[in-house]
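Protein chains: 4
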Amino acid sequence: MGMVGGGIGSFMGGVHRKASTMDGMVELVCGAFSSNLEKSRETGKSLYLPQHRCYENFREMIEKESRLPEGERMDFVSIVTPNHLHFEPAKMALEHGFHVVCDKPMTLTVAEGKTLEKLVENNKLLFALTHNYTGNSMVKQARAMVKNGDLGEIRKVQVHYLQGWMTNELDEQATTKPWRADPSKSGVGGSLGDIGTHAENLVSYITGLKITEIAADLARIGPQRLLDNDGNILFRMENGAKGAMSMSQIATGEENDLSIRIYGSKGSVQWRQEDSTRLFVKWADRPEQIFTPDGNGIYDQVRAVSRIPNGHPEGYLEAFANIYRNFAVHLMATMEGKTLADPDYPTVNDGVRGVRFIHAAVESDSKNSAWVSL
Amino acid sequence: MGMVGGGIGSFMGGVHRKASTMDGMVELVCGAFSSNLEKSRETGKSLYLPQHRCYENFREMIEKESRLPEGERMDFVSIVTPNHLHFEPAKMALEHGFHVVCDKPMTLTVAEGKTLEKLVENNKLLFALTHNYTGNSMVKQARAMVKNGDLGEIRKVQVHYLQGWMTNELDEQATTKPWRADPSKSGVGGSLGDIGTHAENLVSYITGLKITEIAADLARIGPQRLLDNDGNILFRMENGAKGAMSMSQIATGEENDLSIRIYGSKGSVQWRQEDSTRLFVKWADRPEQIFTPDGNGIYDQVRAVSRIPNGHPEGYLEAFANIYRNFAVHLMATMEGKTLADPDYPTVNDGVRGVRFIHAAVESDSKNSAWVSL
Amino acid sequence: MGMVGGGIGSFMGGVHRKASTMDGMVELVCGAFSSNLEKSRETGKSLYLPQHRCYENFREMIEKESRLPEGERMDFVSIVTPNHLHFEPAKMALEHGFHVVCDKPMTLTVAEGKTLEKLVENNKLLFALTHNYTGNSMVKQARAMVKNGDLGEIRKVQVHYLQGWMTNELDEQATTKPWRADPSKSGVGGSLGDIGTHAENLVSYITGLKITEIAADLARIGPQRLLDNDGNILFRMENGAKGAMSMSQIATGEENDLSIRIYGSKGSVQWRQEDSTRLFVKWADRPEQIFTPDGNGIYDQVRAVSRIPNGHPEGYLEAFANIYRNFAVHLMATMEGKTLADPDYPTVNDGVRGVRFIHAAVESDSKNSAWVSL
Amino acid sequence: MGMVGGGIGSFMGGVHRKASTMDGMVELVCGAFSSNLEKSRETGKSLYLPQHRCYENFREMIEKESRLPEGERMDFVSIVTPNHLHFEPAKMALEHGFHVVCDKPMTLTVAEGKTLEKLVENNKLLFALTHNYTGNSMVKQARAMVKNGDLGEIRKVQVHYLQGWMTNELDEQATTKPWRADPSKSGVGGSLGDIGTHAENLVSYITGLKITEIAADLARIGPQRLLDNDGNILFRMENGAKGAMSMSQIATGEENDLSIRIYGSKGSVQWRQEDSTRLFVKWADRPEQIFTPDGNGIYDQVRAVSRIPNGHPEGYLEAFANIYRNFAVHLMATMEGKTLADPDYPTVNDGVRGVRFIHAAVESDSKNSAWVSL
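Residue numbers (numbering that gives the first Met the number 0), protein chains in the order written: chain A, 0 to 373; chain B, 0 to 373; chain C, 0 to 373; chain D, 0 to 373.
Source of the hints: derived by calculation from the structure; they are not laboratory data.
One thing to keep in mind: the hints can contain errors.
Pairs count within a copy or across copies, as identical chains cannot be separated in the list.
Computed list of lysine-lysine pairs in DSS-like fashion (alpha-carbon distance at most 25 Å, straight line) [to be verified]:
no., residue 1, residue 2
1, Lys337, Lys209
2, Lys265, Lys209
3, Lys209, Lys38
4, Lys44, Lys337
Note that the coordinates shown come from a computational prediction; the quantities given were computed from them, not determined experimentally.
Extracted from the complex, chain A is given alone in its bound form (with noise of 0.2 Å):
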């Protein structure tokens, strides 16, 4: 793996690194940590890295590892940056035969992200999209069940995604911008880029289902705020299901509260980020049951995600290692020639149709809430 992003102080690198090692099946051979290549250098040094494998840039990188041995050179980029600063890696990185696996959103424009696409169906590469919370093993057991048909036929989702830091951060410090809230760096969405996307991919990860158009109402709460940081969305779903969705970084007091209800007609399900070990299943007919990793009753395939036994709590770096355990082995079966029936990571597709969702809201939103598709 090489790394673009990810300097020293920045969180994301940091979570990528510790989750793509955790199951000794990816190894760091080399960056682009930092557009300052003293900075990029010492990150890698910190990482036990050769000096002359920390680039300046991705160019550098890319191109260099590309004319090294196989074997030797990194088989995939993990890009780490500002939204701004993926698509360029990403498409140099597919076009020198890299496999990709890039945070999300993906990419600033729908355009953009059909370009990655076509470019890993043509190169028949990997490409991985990091909405991690799609690694979390009561996610996969939600699936499952979905999937089994245990729940009936899908009727209704809700979900929201709920924080708190942008409460005062804009109030009381609106010089030092973060750069979710700069729309040069985020894209034409602020929380829809940033947390909006993680609800919309969760509620199709689960249900399988495809959101096909929403009515958005957005809110840019504070003082010189330029993209949304609340809102609330209605939306329908291929099936005719239909959906709220809430997301907010102003909700005083959250953390991190990603929720998720999916109602079909003969249970449902709930799952809470910050609770993320239980899932809740309520029946038409019986009691209530709580899933937990490894616990009764959990399909075979999601059992196999656990790394420790029941009872032993695995967080949000064990379920962003799952994102990159599964992307490993599908990428080692490619290239020992194997197919797999199930990778079950988000893909290039899942990046695009989240582009689209950013910039459907916006286009809603900008009409007084008319229905938008996807």
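For this one, chain A is given, so just place chains B, C and D on it according to the hints.
Quick look at chains B, C and D alone, frame taken from chain A:
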């Protein structure tokens, strides 16, 4: 108190009787419990009422009672019939000088609601609408915290009211439709009237803010379904805050999940009816707190609502009884010529607003979720 | 019903009155509410009782009432006085042919308890002890599951009853000691009598098993403290199962945390009074389940206990009322010469066992926690 | 790091490896993973270790490694074998100047424990005992609050550690006994050593107080059961506080429920391992609070423990990794000749106390729960 409706076998009749008499301030003295005189008398007998005060219908009751000497005749009428039978008895009672307690939604049409509103005003009578959830002490604590400015400026509201009892009911017994699914008895709203108005009222009760416009996407799930039994609603409030509401009678496995979250600039509150004795308060700058009835940190006027010491749960009946108790306190004060600062129960004005809400939601839904003013 | 104790200002008096009359099966007709005749009459007046049936003391009440004609006189006496004032009125009532409802702990000494037990048996009267927590429907569901063998053989019990109200009380107001801290009124046990007996009774009620021996380590925390206000107790049950009990009135911040866990060979149940409407059931081979009053999977006889549909919480008063309702049903059946299969309320035998438990714990504690048989 | 034990298929071996390497501070360089050389080599191969550093047994490893030049040889040994195989490798490692990380319980006998204690002291080496639950940040917050006096004087402790995995195991497969049920491998304690010592250590870690005497009632449930798999223990602490402990491996349906409640004169804390990211704090005079890792109100030194921002749960592995991280930080400081104020990990002294606790409990149980000093 004289009762209209609530014959043997009626759920709400029993609830109103238990709630109204819990504090020894209200006595049931007469009733028109059923359109069937025999059943009305049988009901009265089981309640130890003399036969001559068990009437054939509300007209007879109001007429005959109004001819009894003061002190002997009933002081107010409690109306616990299906929705379409609220208006006529309420109107007649008010016209004859009786105060009224009425179940929600108040009337089928806004015009009817305004008629009652005018009668209450002109005849200087009291009118309580039994939005019983506002009787919960933790709801009152939330309201007091907003009023006192503890939460800062209100920015965001999320509310849902989810039940699952219609999941199978309509599929399997499409012939024996409950009255709540029958437009001639329930009005233009199904879940809107039954539970949506509770949610709408709760939002205004706690925040002290009115909803000014809504955009609704309703669903009618199941065969031969004429009224909404599910829906999602965006709303905007008079201070600019935005919100989302979800309601359902087909949320499989849900019992009576009325839940609300209110986010202010300084803090937020979360309350769930099914866990009604805990109010979760999250702060921008302090750890989350849990408030409990009669517990530490409760406002004095909220503490006074509790009938038993902290840690001894009060439930649905006690909350319902608080509506009657506050109404009775107000009634006695009024009879003695006194004025109360904050009678603290939902009134005929709330009733009009609730009916408006139902009609606006139906209109918005028919216009593909266009915004409609209340 | 005639009441002994419960004058204005008494917490338990109000609870007993609300609970006994909730279902319209019991009517309060007379009382000796206070040792002060004026206060007794004032209490009676506030309850709409005629002055001549507000007595100066229980002796006068029992004597005069027993001379009234049947149908007019009270049927049973409800005793809600402090512990040291239970025995005399209970004894006199039973001797005069009145049935009795009595607060717990039943008496100060085992000898007194046995006297009452013999009177009940010889005079063929009914005697209910208000261990009110057994009135909760989820406690009844737990009991039904044990009885039906759902949990297999009972192997382990954990129970605690933790309150914090004495944390500061005694430190700061050592002079105005509550009667529960006064050995002459409370008996040899402090927290043992007030809350420990509830825990002991709950264990036996749910498991159907008696505690056979205990080893106690009690604490008296705070200055000038004469009675235990904290303690831990090991116990062994008649089938060989072992358990541990913890009780406290100085568990800072606790309100009324009575919690029990019962482990069988097939499954286990967990119930918390402060979250009384949920019963958590864990299985050896299936996912955990949550049972709720009137919810899916509830035994029929337990469902019958609920006054309102599932999802509408019932609380402390409703559970308390279930003791009175079951007693009243039994009383009416007895008056009609019928026999009930399972009257389902704590009796004079439970009362004797409770007093034995208190004395055994005090003895064990005085012998440095040696095991003492019950 | 060199590892003793932890061959392919071993649960604890994998945990120690993931935990030790999570922060990039520790590298596995050699191991004696199995008593079977082939298996040891196979394990090493899967971990990318050179074959010559996969040893046949710990003797060979310690001898050969100690002959390697500094900088090349391992710095410390991590011992992850069954209980009876801790003492010999630990002793030999310490004698050869290697620091040690060892699983708990440290040794089978108190004498062995004291031998190690003396070696550590005399040879000025570091010794970490992996009581991993003390690595949780909410446990550290609880400890900091006690230390800072937030809770006042500690008065009462309740702790339990309940698992259910032996419920069926022994009944059905009495022949394939796990080593934890075999006295020759597990020592005199069964559940005492496996989970009881965790509970004992947690009590002391948080309160800063030692347990001075205990009274135990143990159970051996299931056919042919030689060691305790359930038990209840009364205990007294050096400051006079009293407590109760319950532990079980036959608590049907429990996964890994380690829970502790600590009551002080001003406030109390409650923590559950299965919900490890929330610390509930109840106060004598304020509403209950919930603390979260990296959340509002956390002590600085506790905040530093979190690898990711608040709301992103960390789990069992991360807590385990904190033991290794703090040990590694201490080790590096020591190597550089520095002294750390509070290294903050369990040591050889905790190990001796744990073994004493096991033996005292067995002795008390054999004397019908008489008090035994530690």
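Hints, verified against the model:
Within a single copy, Lys337 and Lys209 get their C-alpha atoms no closer than 29 Å, and across copies no closer than 59 Å, so neither meets the 25 Å cut-off. Taking CA atoms no more than 25 Å apart as the test, Lys265 paired with Lys209 passes inside one copy only; the shortest distance there is 21 Å, against 37 Å between copies. Within a single copy, Lys209 and Lys38 get their C-alpha atoms no closer than 42 Å, and across copies no closer than 48 Å, so neither meets the 25 Å cut-off. In this homomeric assembly, Lys44 and Lys337 come within 25 Å of each other (Cα to Cα) only across copies, at 24 Å, whereas the closest approach inside a single copy is 36 Å.
The structure shown violates the earlier hints numbered 1 and 3.
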